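Assemble chain B onto chain A, guided by the hints.
Here the protein sequences line up with chains A and B, keeping their order. All residue numbers for the first sequence refer to UniProt numbering, where the first residue is 1 and numbers rise by one. All residue numbers for the second sequence refer to UniProt numbering, where the first residue is 1 and numbers rise by one.
In case anyone wonders, no lab produced these hints; they're calculated from the structure. Worth double-checking, as some hints may not be accurate.
Said to hold, decoys possible - With a Cα cut of at most 25 Å, we get these calculated SDA-like pairs of lysine to any residue:
| no. | chain 1 | residue 1 | chain 2 | residue 2 |
| --- | --- | --- | --- | --- |
| 1 | B | K60 | B | R70 |
| 2 | B | K60 | A | L184 |
| 3 | B | K146 | A | Q46 |
| 4 | B | K148 | A | D49 |
| 5 | B | K146 | A | D22 |
| 6 | B | K146 | A | L27 |
| 7 | B | K60 | A | R128 |
| 8 | B | K60 | A | M66 |
| 9 | B | K60 | A | E70 |
| 10 | B | K146 | A | E9 |
| 11 | B | K116 | A | L43 |
| 12 | B | K148 | A | V51 |
| 13 | B | K146 | A | T21 |
| 14 | B | K116 | A | Q37 |
| 15 | B | K60 | A | L267 |
| 16 | B | K60 | B | N85 |
| 17 | B | K116 | A | P52 |
| 18 | B | K146 | B | L129 |
| 19 | B | K116 | A | Q46 |
| 20 | B | K146 | A | R6 |
| 21 | B | K60 | A | P171 |
| 22 | B | K60 | A | P71 |
| 23 | A | K305 | A | E286 |
| 24 | B | K60 | A | V68 |
| 25 | B | K60 | A | A165 |
| 26 | B | K146 | A | E26 |
| 27 | B | K60 | A | R170 |
| 28 | B | K116 | A | A50 |
| 29 | A | K305 | A | D283 |
| 30 | B | K148 | A | A50 |
| 31 | B | K60 | A | D131 |
| 32 | B | K116 | A | E36 |
| 33 | B | K60 | A | N275 |
| 34 | B | K60 | A | I61 |
| 35 | B | K146 | A | L43 |
| 36 | B | K60 | A | E153 |
The model shown is predicted, which means the values in this text are computed figures rather than measured ones.
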Amino acid sequence: MTDEQRLNELITARLAGTIDTDGMAELESLLQRYPEQRASYSLLEQYWDAVPVAGQAPGDIFRDIMAVAEPAHPSPEKTIKKGGIYRLRWYWGAAAVTLLGLFFLFRPDGRAYQQVVRTADGERKTFRLSDASTVHLNGGSQLRCVLDGSGRELWLEGEAYFEVAPDPARPFVVHASGVNIHALGTAFNVKAYHGQPSCETTLLEGAVEVYADKTPDSRIRLRPYEKVSLDGTASIAAPIKKINLKTIRAGAPATLPVATPLADSSLTETAWVSNRLQFDEMDFEELARLLQRWYGVSITFRDEKPKHYVFSGAFAGETVTQALDALQLTEDFRYEVQGNNITIFGTSTKK
Amino acid sequence: MGDAEVNTLWQAVCGADDQSAFRTLFDGFYQRLVRFAADLAGTREAAEEIVSDVFVQLWKNRRQTGGVIRLKTYLYTAVRHRSYNYVRDHQQHRWLGLDSIEEPAETGQHPSLEWKELQQQLDAAVDRLSPQCRTVFRMVREEGFKYKEVAAILDISPRTVETQLVRAVTRLRETLQAVQHPVR
Chain A
1 MTDEQRLNEL ITARLAGTID TDGMAELESL LQRYPEQRAS YSLLEQYWDA
51 VPVAGQAPGD IFRDIMAVAE PAHPSPEKTI KKGGIYRLRW YWGAAAVTLL
101 GLFFLFRPDG RAYQQVVRTA DGERKTFRLS DASTVHLNGG SQLRCVLDGS
151 GRELWLEGEA YFEVAPDPAR PFVVHASGVN IHALGTAFNV KAYHGQPSCE
201 TTLLEGAVEV YADKTPDSRI RLRPYEKVSL DGTASIAAPI KKINLKTIRA
251 GAPATLPVAT PLADSSLTET AWVSNRLQFD EMDFEELARL LQRWYGVSIT
301 FRDEKPKHYV FSGAFAGETV TQALDALQLT EDFRYEVQGN NITIFGTSTK
351 K
Chain B
1 MGDAEVNTLW QAVCGADDQS AFRTLFDGFY QRLVRFAADL AGTREAAEEI
51 VSDVFVQLWK NRRQTGGVIR LKTYLYTAVR HRSYNYVRDH QQHRWLGLDS
101 IEEPAETGQH PSLEWKELQQ QLDAAVDRLS PQCRTVFRMV REEGFKYKEV
151 AAILDISPRT VETQLVRAVT RLRETLQAVQ HPVR
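Just chain A, same shape as in the assembly (with noise of 0.2 Å):
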């Protein structure tokens, strides 16, 4: 090592704090065997002590912030009268979150009610249950919500992410195509689509138990970071999948204190949440059905080669065309847009 990059080295210990006695005495020596590095040293340390100071945030930044941290809801009797949804700011998912198609069935004694909120294709809604859970809606889903002093019971076709306030006096339920998800305080993702074989549970944080109607005694409890598949119309409930998540938990540090992970958007089960659409080795035919979804479009195939396709990865501010050109670059195939309705055919079957 040159005197130089040992120089550099004891004044950058010096500067952090870190250096010792002996430490001090070398460079010491070193400042007076070079006198002339001694000015840009102590100019260097008098710039490293200036360090700028940084204003204040505005407050109306503070209040932003706290209406969306502490929404002003009123007590739980008032929330059910008022139909107790509440818009969360979304900061992350830049996808217009509305509240259309949200429907309000009271009860004769107007105690429990019932909300029932549903998403068109291409529309993903966020929203605030009256018990301070949140639920991420999909698009082409559909939610319906019982909430009252004893339960809480959710049946829903399509896909959510939900986020549970913790309440061990009133369990929540999500009952999807003859399965039940049965919650404590924790965050989950079901995917239960019309058409789909089997209802999938992704379990991020706390615990839930998941169970077919017809099995009620056979319950699976799933651990954080597990994925089960479950057949609702099966005889038998037993996991098909587990996720193994090793390497995407490896980043965080093991003492990392967050308490609800907002839909952790590595992972592919809730990438969706944060207004990702991810796939991974998924055929052309299948991801199809999910760009349907995603962007509200139909999208047919003119020939069978394209379908057969497989892709991996991940769109997020793309529009539908944007995404089929980006696909392009991999695969050969081309499209036809006519209004809402695209085409896809291989690059042989010119018209």
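Just chain B now, kept in the frame of chain A:
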């Protein structure tokens, strides 16, 4: 804001839902976190959104996180995670400007510089460091983090932190020498 003060305020937030303590913490950290996030995420707008989001989550989760965490490290770690997610999600639209490529320091033209000008030259040299090098330098200098803390927050080894910091100091010394002894 010292560690002890941060800790007291944070306990008030967790234990007593003290919004004014939360406000004080927010005022103390917001701009610094935004600068940190801007370094990682690339744009100021994204940085502001990331930091706001971290504070939203912090307030919401205050009871679960109470007591067990060192707030400062937590905030920087959370901002880093979100910044990386942001960069990953926006990768296809993000281009590195030419000026973000590391270049040798400019040779100063002025034999004697006022302190203010010198400071600006050094600030510019810091801006020209590689992203990781710059982030490490700022965290140690401006936030007073220890190597180990920087390593934990950025998820790199303490050895890398040290190497990067030495690199930054080397570059700044070169800048100073060029300013003091311009090439004629």
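Here is what the structure says about each hint:
Among the hinted pairs, B:K60 with B:R70 is consistent with the structure: their alpha-carbon atoms are about 17 Å apart, no more than 25 Å. Annotation: proposed proximity of B:K60 to A:L184 holds, straight-line Cα distance about 18 Å (limit 25 Å). Pair hint B:K146 plus A:Q46 holds up; C-alpha atoms about 20 Å apart against a cutoff of 25 Å. Distance restraint check for B:K148 and A:D49: the Cα-Cα separation of roughly 21 Å lies within the 25 Å cut-off, and the hinted pair is therefore satisfied.
Of the supplied pair hints, the one linking B:K146 and A:D22 holds, its CA atoms being roughly 20 Å apart against a limit of 25 Å. Restraint check: the Cα-Cα separation between B:K146 and A:L27 comes to about 21 Å, which is no more than 25 Å; the hinted pair holds. Taken as a hint, the B:K60 and A:R128 pair is honoured in the structure, with Cα atoms around 13 Å apart against an allowance of 25 Å. Taking the CA atoms of B:K60 and A:M66, the gap is about 10 Å. The hint holds against a cut of 25 Å.
Between the alpha carbons of B:K60 and A:E70 the distance comes to roughly 7 Å, so the proposed pair stays at or under 25 Å and holds. For a cut-off of 25 Å, the pair hint linking B:K146 to A:E9 stands: about 16 Å separates their Cα positions. At most 25 Å may separate the alpha-carbon atoms for a hinted pair to count; B:K116 and A:L43 meet this at roughly 12 Å. Annotation: proposed proximity of B:K148 to A:V51 holds, straight-line Cα distance about 21 Å (limit 25 Å).
Restraint check for B:K146 and A:T21: satisfied, since their Cα atoms lie roughly 19 Å apart, inside the 25 Å limit. Distance restraint check for B:K116 and A:Q37: the Cα-Cα separation of roughly 21 Å lies within the 25 Å cut-off, and the hinted pair is therefore satisfied. Straight-line distance between C-alpha atoms of B:K60 and A:L267 comes to about 23 Å, which keeps the hinted pair within the 25 Å bound. Taking the CA atoms of B:K60 and B:N85, the gap is about 21 Å. The hint holds against a cut of 25 Å.
About 12 Å separates the Cα atoms of B:K116 and A:P52, which keeps this hinted pair within 25 Å; it holds. At roughly 20 Å between alpha-carbon atoms, B:K146 and B:L129 fall within 25 Å of each other, so this suggested pair holds. With a C-alpha separation of about 12 Å, the suggested pairing of B:K116 with A:Q46 holds against the 25 Å cut-off. Only pairs whose Cα atoms come within 25 Å are accepted, and B:K146 paired with A:R6 is accepted, the gap being roughly 21 Å.
The suggested pairing of B:K60 with A:P171 holds, with an alpha-carbon distance near 21 Å, which does not exceed 25 Å. A C-alpha spacing of about 10 Å is found between B:K60 and A:P71, which places the hinted pair at or below 25 Å, so the restraint holds. Proposed proximity of A:K305 and A:E286 is supported: the alpha carbons are some 14 Å apart, at most 25 Å. Between B:K60 and A:V68 the CA atoms are separated by roughly 9 Å; this keeps the pair inside 25 Å, and the hint holds.
A hinted pair counts as satisfied when its Cα atoms are at most 25 Å apart, and B:K60 with A:A165 qualifies at roughly 11 Å. Restraint check: the Cα-Cα separation between B:K146 and A:E26 comes to about 22 Å, which is no more than 25 Å; the hinted pair holds. Taking the CA atoms of B:K60 and A:R170, the gap is about 20 Å. The hint holds against a cut of 25 Å. Distance hint between B:K116 and A:A50 is fulfilled; the C-alpha atoms sit about 11 Å from each other, no more than 25 Å.
Restraint check for A:K305 and A:D283: satisfied, since their Cα atoms lie roughly 11 Å apart, inside the 25 Å limit. Distance hint between B:K148 and A:A50 is fulfilled; the C-alpha atoms sit about 23 Å from each other, no more than 25 Å. As the CA atoms of B:K60 and A:D131 are separated by approximately 14 Å, the hinted pair is consistent with the 25 Å bound. Among the hinted pairs, B:K116 with A:E36 is consistent with the structure: their alpha-carbon atoms are about 22 Å apart, no more than 25 Å.
As the CA atoms of B:K60 and A:N275 are separated by approximately 22 Å, the hinted pair is consistent with the 25 Å bound. With a C-alpha separation of about 16 Å, the suggested pairing of B:K60 with A:I61 holds against the 25 Å cut-off. For the suggested pair B:K146 and A:L43, the alpha carbons sit about 23 Å apart, so the restraint of at most 25 Å is met. Taking the CA atoms of B:K60 and A:E153, the gap is near 24 Å; set against the 25 Å cutoff, the hint holds.
Violated hints are absent here; each numbered hint is respected by the structure.
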